[in-house]
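Chemist: From just these sequences and the hints, can you work out the full model?
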Amino acid sequence: FEGKGFQIDYGIPVEKDNYSQYRYLPFVNGGAMLVDRKIFLGAGGFDEDFFAYYEDVDFGWRLWVLGYKVVFAPESIVYHHHHGTSKIFSEDKLRFLKERNSLYSIFKNYDDENLPKILSASLASVFNRVFVDLKFDYENYYDLKISNIQKAKDLSMKIDKEIDNLKISKEPLSSIMAVKDFLDNLPELQKKREEIQKKRRRDDKAVFTYFKGQFLAVSPDKEYQKNQIELLKSLGIYKVFEKKIKRKLLIVSNEIVSREMAGPAIRVWNFAKILSEYIDV
1 FEGKGFQIDY
11 GIPVEKDNYS
21 QYRYLPFVNG
31 GAMLVDRKIF
41 LGAGGFDEDF
51 FAYYEDVDFG
61 WRLWVLGYKV
71 VFAPESIVYH
81 HHHGTSKIFS
91 EDKLRFLKER
101 NSLYSIFKNY
111 DDENLPKILS
121 ASLASVFNRV
131 FVDLKFDYEN
141 YYDLKISNIQ
151 KAKDLSMKID
161 KEIDNLKISK
171 EPLSSIMAVK
181 DFLDNLPELQ
191 KKREEIQKKR
201 RRDDKAVFTY
211 FKGQFLAVSP
221 DKEYQKNQIE
231 LLKSLGIYKV
241 FEKKIKRKLL
251 IVSNEIVSRE
261 MAGPAIRVWN
271 FAKILSEYID
281 V
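Quick note: the sequence shown uses UniProt numbering, first residue 1, plus one each step.
Since the hints were made in silico from the structure, they are not lab data. Any given hint could turn out to be false.
[As the list claims (entries may be wrong)] Using 27 Å as the maximum straight-line C-alpha spacing, the simulated DSS-like pairs for lysine-lysine come out as follows:
1. Lys239 - Lys117
2. Lys191 - Lys4
3. Lys170 - Lys222
4. Lys222 - Lys4
5. Lys69 - Lys198
6. Lys248 - Lys69
7. Lys180 - Lys117
8. Lys199 - Lys135
9. Lys199 - Lys117
10. Lys69 - Lys170
11. Lys205 - Lys233
12. Lys226 - Lys135
13. Lys180 - Lys226
14. Lys205 - Lys243
15. Lys4 - Lys69
16. Lys4 - Lys243
Modeler: What follows is the structure in structure tokens.
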């Protein structure tokens, strides 16, 4: 839900799973995609402000919003120099790009109804990750209810010394600076958002049909995952992505639906395409 892309199938042998069927994907890897040039440019292409990381997530997501579809082509063979960009940068700079770009994506692509909740949860999740990296006894330091005043004073002085020597490593600092960058660029992001939303052809419910792993935790830390679950419950994020049971619809036509169709068959086909976003046709 945070606008991050996971390569869930990376490293799995082709024979181990079903990769022989065409299927819809929310996005494709930017280094392994084929798109019509006119559509690419008309949809805005890759957002140049991203530089690297999740620009393909953003583009694929935008295509769905604008009414296009992203399809996995099983017969395709692509040669891609994996991690060619990531080897150039340090981990903290990569983290900055990933945190910032995912915030850019969600701000531009979620609809007006869902953006406030999702953005709140995403910003809170950034700081949830920061807290995983900051090992600081904040509960004792900010405990103002300790009955023994002298004990509280001694404890506070001890922790004060720890704080004086506390250093924030580059990784959590990168997450904080990513939020700073996001806030600094809100005016420009708002312009991009308005342009995308003005051209919207699918609502979020239809787009969510193709989302996978919405609630995957970015960090393996147990405390982080616990906080994320409570966060998503409290802000109603689970309900945002709640899938209703799809009804089934059979469309019967006396016209043949094939590659070459007459007017009535074309109408039936278009009805089916539109309705299939919401029900099984």
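Chemist: List in ascending order the numbers of the hints, as given earlier, that are violated by the structure.
Modeler: 8 and 10
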